[in-house]
Structures are given as structure tokens and as C-alpha cells.
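Given the structure of chain A, go ahead and fit chain B onto it with the hints provided.
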Amino acid sequence: MDLLRFITAGSVDDGKSTLIGRLLYDTDSIKVDQLEMIQKQSKNKGEGVIDLALFTDGLRAEREQGITIDVAYKYFATAKRKFIIADAPGHIQYTRNMVTGASNSDLIIILIDARLGVIEQTRRHSIIASLLQIPHVVVAINKMDMVAYSEEVFNTILSDYSKMAAQLDIKDVVFIPISALQGDNIVNASSSMSWYKGESLLHYLESVNVVEDIDLSTPRFPVQYVIRPQSDDLHDYRGYAGKVISGTYKKGDKVLVLPEGIESEIDTVEVHGIEVDEAYAPQSAVIQLKDDIDVNRGNMIVSVSNLPKVEQEVTAMLCWMDNIPLVAGNKYLIQLHSKVVRCVVKEINYKLDVNTLEKLSDVHQATLNDIVHVTIKTASSIVFDGYNALRVNGGAILIDETRYTTVAGCMLQ
Amino acid sequence: MPQYKLDYLDQLESESIHIMREVAAQFERPALLFSGGKDSITLVQLALKAFKPGKIPFPLVHIDTGHNFPEAIAYRDKLANELGVKLIVRYVEDTIKSKNLKDPAGKFPSRNALQAYTLLDTIEEFGFDACIGGARRDEEKARAKERIFSVRDEFGAWDPKRQRPELWNLYNGKIHKGENVRVFPISNWVEIDVWNYIKREGIELPSIYFSHDREVLVHGEFLVATSPFIRIDEGDSIVTRRVRYRTVGDMTCTAAVESTADTIDDIVREINETNISERGETRIDDQVSEAAMEDRKKTGYF
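Chains as they are written, first to last, in the numbering used here: chain A, 86 to 498; chain B, 47 to 348.
Next comes chain A alone, as it looks inside the complex (with noise of 0.2 Å):
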């Protein structure tokens, strides 16, 4: 049994409440008290059938708005897999929401209202897909019961999409007739459609192959913490715990520490206190080394044969996700890891139209959910790889420096 982590993007309108509500419901992970909860709510709504959009809604404050303020995280498992759903507001303004559910999503569902087609927000939830560079994505067309089950209106969104699509970065790309109302293509094959000869959404989430996601060539191994018992019998035991992000670690590799260059050799690999031939992502892992440096957190253990980009002045696509605006010159923390360095984004470059993809120029301030190009200066170096050509190390956030809020978080280039 392994584990897949994805995001559903659209809104209430497509569905998408609805289609958690099926996938929980119908693969048995609501039970009866929950059920009964919700059917009270459904009563206390005027509602005379269950609503299964209930079963994702949250706080109090959202319930009596009937809206959803952030991402919510839900869970169910089959027999192959377990699954974390980020569920996220698909609304423009919660793009920032959106942004922090696919950062650490496996897969996207973007949902189409059947009766819709390939809109604005369609558009606007595959640009983030393909910015955050989830590696897979569902395009499940919704409502396929009020278009009659049409193969004509499947083809029509197919083409459609796929066209949309050719401009952006997604690489692999399923597309399934469904309703989630009635249950279509959910779980089981529907016979209302038996022109659709594809998977079942579930089916499809059971299958889809994640290991190959992991980078297994490129050893990458942030360093969190120094363990140093310094009891008697462990005198000299100096360990360095952290988690390996990608590649593999043995005993005998020639490694580098980042950022000051200093090279030497694995000494021992420990996993839970066990040595171990070899830790590999995403395993969280003890290494100690043959040579007696000084390594500290902030600092990343890599291959002397696979190098990282060590550097102080970056380009990043960033999304912004605070109230008070980001303004060209304005200084930032960064974090990338357990690496924490003072920054200054020195320019906005252009804000990207998450809606057309058009690049606007002449832009000196990004707001709320705004997606801009920049260029940071970092204090010191950073060590980081191109988020598109290895995302679980090129990924940063921006900190607030009297604050301490989370402000941006940052696709570095």
C-alpha cells in the first residue's frame, strides 16, 4: 500500500464538493454518525436528500456562509492506496490557496462542468498546475448526466482543453467523463456511457504511478539537525539528520557540502538509529561523515558528481499571498529547506494573467494572489535546483521580517 497526495481544483458550482463527498462516500469513509450529522444538516438546510457537499465543509464561520476560507484536508484509503485530498477554494481570489494545496500535490483534478466547457477558471487552474509542476493531471468533465451523457461533448471539451493545454508545461494529461451527482465513472465503469472505454476516476487514482515521480539520481539531503550524543559511549558520534529529498546515500559516496564546498566522504548511513546500505528519498535518514567538518543546519550534503545551483542572485516565479503588497526593493527572509537567509526581491519583472497567460510589463507591485516573475538577492548563497527540473529542491517561501508571516512562496529558476 503506497500513498498518492492530490489537490481538486473548481469550484461548488462544478461540483467539486460533491465529488469528494462520492469518492469518501463511496469508498466507505464516512460512517454512519457522520452520515447522520450530515443528515441533520441536509434537514436544517431544507435540503430533502443528502448533500455530499457537506462533508467537506469545515468551520462553523463557513457552514453559516456557505463558503470554504482555506484548504481543508481530507482522507480515505482503498486497498492500494491511501489518499490525501488538499481541498482548495477554486475561486480567483484564492489563488494563494490553490497554490499551497499543489505544492505538495502528486496529482491535480480539474473539474469541467459538462455544460460549461474549457472557461476562464479551467485555464486558470492548469497555469498553476503546470507552475507548481504537479506531475499528473485529471481532467474529470463533471455534469456528464445534464449533457445526456454526450461522447460528442466529451470530444468537443477534449479538444478543447488539449489545445489550451499545448501552451502550458503538463505533462501528462487523462481526461474522464464522470458525474459525481449520480456516480458515473466514480468507482465503477458507467453504462450510461459505454463509449467511454477509459478508467474510473478511482481506478485511475489507484494506478497512476508516483514512484516514478522520485528522482533517484540526483542526491539531494538538507541537513536539520546535528545529533551529538556526547555520552560516554558515543563520544564522537556527530550524525547529521535530516531527510533525503531525492537521490540515494551509501557509505563510501564521494559527497560536497553546500554551500561551502567542502568535500569529503560518507561514513555511515543510519535510518531510525539502524545502518542501513542505503537511505533514498523520501526517507528521513541519519549520515555521518569520514571527515571531522563543521556541518550545520542550512547546509545540504550532495553528490560531488550531480551538482545543485549555488547562488545569491535568483529569478523565481512567485505567488504572492499576503494583504500588504510586495513592492520591488522590499527585504524578505527566505527559506528553502532548513536554510534561512535575509533576501531582497530586487525587481518585478512582469505579473503573469493567470487567466490568459499574458506577461504584463511596467508592474512595480504584486497584491494579494498575484503571480509575478522577480529577481531575489539572497545574503549569502543559496542551494537550490530549477523548480522545473527538480521540485522538491527548488521551492522557497518568503517570510515577513518583522511579521513572520508567510508572504510568497517561490518557484526558483
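There could be a bad hint or two in this list.
Said to hold, decoys possible - The following residues of chain B were derived to be distant from chain A, with all beta-carbon distances above 12 Å:
{"no.": "1", "residue": "S60"}
{"no.": "2", "residue": "D110"}
{"no.": "3", "residue": "Y137"}
{"no.": "4", "residue": "K143"}
{"no.": "5", "residue": "A151"}
{"no.": "6", "residue": "P155"}
{"no.": "7", "residue": "L166"}
{"no.": "8", "residue": "D167"}
{"no.": "9", "residue": "N215"}
{"no.": "10", "residue": "D279"}
{"no.": "11", "residue": "R288"}
{"no.": "12", "residue": "T306"}
To be verified - Chain A residues, not near chain B, derived (Cβ > 12 Å throughout):
{"no.": "13", "residue": "E121"}
{"no.": "14", "residue": "A157"}
{"no.": "15", "residue": "V238"}
{"no.": "16", "residue": "N240"}
{"no.": "17", "residue": "A251"}
{"no.": "18", "residue": "G346"}
{"no.": "19", "residue": "D352"}
{"no.": "20", "residue": "I378"}
{"no.": "21", "residue": "L392"}
{"no.": "22", "residue": "E432"}
{"no.": "23", "residue": "D447"}
{"no.": "24", "residue": "H458"}
Claimed, not checked - For lysine-lysine, the following DSSO-like pairs were computed, each having C-alpha atoms within a straight-line distance of at most 27 Å:
{"no.": "25", "chain 1": "B", "residue 1": "K245", "chain 2": "B", "residue 2": "K98"}
{"no.": "26", "chain 1": "A", "residue 1": "K375", "chain 2": "A", "residue 2": "K394"}
{"no.": "27", "chain 1": "A", "residue 1": "K335", "chain 2": "B", "residue 2": "K51"}
{"no.": "28", "chain 1": "A", "residue 1": "K165", "chain 2": "B", "residue 2": "K51"}
{"no.": "29", "chain 1": "A", "residue 1": "K375", "chain 2": "B", "residue 2": "K95"}
Just so you know, these hints were derived from the structure itself, not from any lab. Just so it is clear, CB atoms sit at the ideal spot from N, CA and C, and this is done for glycine as well.
Chain B alone, transformed into the frame defined by chain A:
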């Protein structure tokens, strides 16, 4: 050719260990909130693994309501002793006396809400800047919106609108003086994940998790252990049943479930087959209102 494929429990474990290490590295005075329940026992196991061969670099803190199951307290003391970890215990009873708080009355007088006062005092007393807790997002809908690093003001209040976006696996633990962070390393685990992990790791649990004969008061669909902490009225139905506990909270608000499961395998089988949720089956205090947890979190509860 080696297999580079991690089982889902290994992936969850790795994520939790990464979070534990972030806490140890980012904060000066972290603590692990320990209740004696299976979720906090799992946290201790994860912390042990995270810092091997070193020791857990923070104390265990128990906010003792005085309404605990004796078996949970015995387990707590034994565990702290075996691991050589510092155990700090602070009592809700003392807070009630020193602050002249009203001890709840009623048939099942839960001190759940008062726990927040003692917790905040303890945070202040020791200057804790991060408290690790065993809350999971699958438990309750307010918890589904919780961050892994949850920044709280000096009143411990959770403000869902003020939450920091959490991207990739980057955790921003920067806080101002007086603020603290609640950290939830097993946010992404669900109940059965915890049980499967306990089974896989062979983790010892307090005996009340396994089936035993117990005198209980039948309260609607709930079976509540008889104890000096609840009010037994004339006409109450008191019976002895074969039960176990699915969760361990206070004796006043945690219900037992009828079961003959006396091994972890039996329990895992029962949890897989049950059609009632964990809190729905065992927590009397959640039944008060739909938003009971949301309200408690806003006043400084986990």
C-alpha cells in the same frame, strides 16, 4: 536491484520525523504534550526514532485533569522512567484552586475546557515556544483545517483566518515573544494508520486499550466507566461489560466500546470493520454541538 519504494506507513513516519527534527532545530524550548493515549504514545515513538542514537531533546508534559484512568498514569510514569526523559506534570486541580475557577458540575463533569488554563500557565512557567501534540486532521472538521505548525497568540487562541500558508515541506516557526506554536506531526495520519503503526512497531499500550471486564454506567448509547468523578443517580443502569477503550481521554467524557479484542491484531480488525467514527463512538463531550471542537480550539485548547 534494490526496491526504492516506501510503504505508506514509512512515508508517514518519515514526514513525522522530519517535523520532529524541525521542532528541535527551530525552537529553543519545545515540549511534547503527553496524555497517555495512543496518539501521544505514537509521537514518543516517532521522537525516539528522530533523534537516535541521541535522546529525545525535549520534555514530556502532561496536563493532568485529575480524571485520568489510573492505567494511563501508570503507563506514563513507566514510559518516562524507561526512556530517561524528563516528565513535567501540572494539575488542573491546582489551577482551579489558584485561579478560583468553577469546576464543572453535572453528571459527567468534563474538565476538558479547564485544561486550556493549566496548559497556558505551564507554557508560561517553562517558557515553552513549541508544544507538540497528537491531534490528527481526520478526527474532527475543525482539525481538518489545522496547519502542522499552528501559531497561537499569548492566549493560545487558534485563528483560522490568521494561519500561515504551508507550502511543500517548509515550516515557518518564527514567532514573537509571548506567542507559541502547536505542532502536529501526525496531522496526516488517520486512526487506522496509528493502529497499523502500533502493530508494526510492536508498541506497548496501556492495558485499557485491550478488552477487560469493567463496571459501566449505560448512558444512551455510551458506556461510561463508574468512577468517583461522575454522578451516579438512582435508577442508573450499572452493569459489568467486556469492553476496551478506542481512545483514552478523561474518565468523565470517554466512553468504552464493547469488545473482546485482546490483541493488536484483533483491534486492527475491529477498527477496519466498524461503521462508527472514533470520536463519535467514544467522546461524550463532542456531542454538545457541531462546533464544540472549533470553539475549544479558539480558546487555547489543542
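Evaluation of the provided hints:
A cut-off of 12 Å between C-beta atoms contradicts the statement that B/S60 is not in contact with chain A; the least separation is 4 Å. Against the 12 Å criterion, B/D110 stays outside the reach of chain A, whose nearest CB is about 29 Å from its own CB. B/Y137, annotated as away from the interface, keeps every beta carbon of chain A farther than 12 Å; the closest lies near 32 Å. No Cβ of chain A approaches the Cβ of B/K143 within 12 Å, the least distance being about 34 Å, so the stated non-interface status holds.
The Cβ of B/A151 lies farther than 12 Å from every Cβ of chain A, with a closest approach of about 26 Å, so its non-interface assignment holds. At roughly 24 Å, the least C-beta separation between B/P155 and chain A is larger than 12 Å, which holds for a residue marked as non-interface. With a cut of 12 Å on Cβ distances, B/L166 stays outside the contact zone with chain A, its closest approach being about 21 Å. No beta-carbon of chain A is positioned within 12 Å of the beta-carbon of B/D167; the least distance is around 25 Å.
Listed as a non-interface residue, B/N215 fails to keep its Cβ farther than 12 Å from every Cβ of chain A; the least gap is roughly 7 Å. The Cβ of B/D279 lies farther than 12 Å from every Cβ of chain A, with a closest approach of about 26 Å, so its non-interface assignment holds. With a least CB separation of 22 Å from chain A, B/R288 remains clear of the 12 Å interface cut-off, as annotated. Its beta-carbon lying about 21 Å from the closest one in chain A, B/T306 satisfies the requirement of being farther than 12 Å from that chain.
A cut-off of 12 Å between C-beta atoms contradicts the statement that A/E121 is not in contact with chain B; the least separation is 9 Å. A cut-off of 12 Å between C-beta atoms contradicts the statement that A/A157 is not in contact with chain B; the least separation is 5 Å. Non-interface status of A/V238 relative to chain B is upheld: no Cβ of that chain comes within 12 Å, the nearest being about 35 Å off. Listed as a non-interface residue, A/N240 keeps its Cβ farther than 12 Å from every Cβ of chain B; the least gap is roughly 37 Å.
For A/A251, the requirement that its beta carbon stay farther than 12 Å from each beta carbon of chain B is met, with the minimum near 28 Å. The beta carbon of A/G346 sits about 23 Å from the closest Cβ of chain B, which is more than 12 Å, so the claim that it is off the interface holds. The non-interface label for A/D352 is consistent with chain B: the shortest C-beta to C-beta separation is roughly 14 Å, beyond 12 Å. Listed as a non-interface residue, A/I378 keeps its Cβ farther than 12 Å from every Cβ of chain B; the least gap is roughly 19 Å.
Non-interface status of A/L392 relative to chain B is upheld: no Cβ of that chain comes within 12 Å, the nearest being about 21 Å off. With a closest Cβ-Cβ approach of about 23 Å to chain B, A/E432 is found to remain outside the 12 Å limit, as its non-interface label requires. With a least CB separation of 28 Å from chain B, A/D447 remains clear of the 12 Å interface cut-off, as annotated. Taking the minimum C-beta to C-beta distance to chain B, about 18 Å, the non-interface status of A/H458 holds against the 12 Å cut.
Note on B/K245 and B/K98: the hinted pairing holds, with a Cα-Cα distance of about 21 Å set against a maximum of 27 Å. Under the criterion of a C-alpha separation no larger than 27 Å, the hint pairing A/K375 with A/K394 is consistent with the structure, at around 25 Å. Distance hint between A/K335 and B/K51 is fulfilled; the C-alpha atoms sit about 16 Å from each other, no more than 27 Å. Distance check on the hinted pair: A/K165 and B/K51 sit about 14 Å apart at the alpha-carbon level, within 27 Å; holds.
Distance restraint check for A/K375 and B/K95: the Cα-Cα separation of roughly 23 Å lies within the 27 Å cut-off, and the hinted pair is therefore satisfied.
Hint compliance for this structure: hints 1, 9, 13 and 14 are broken, all remaining hints hold.
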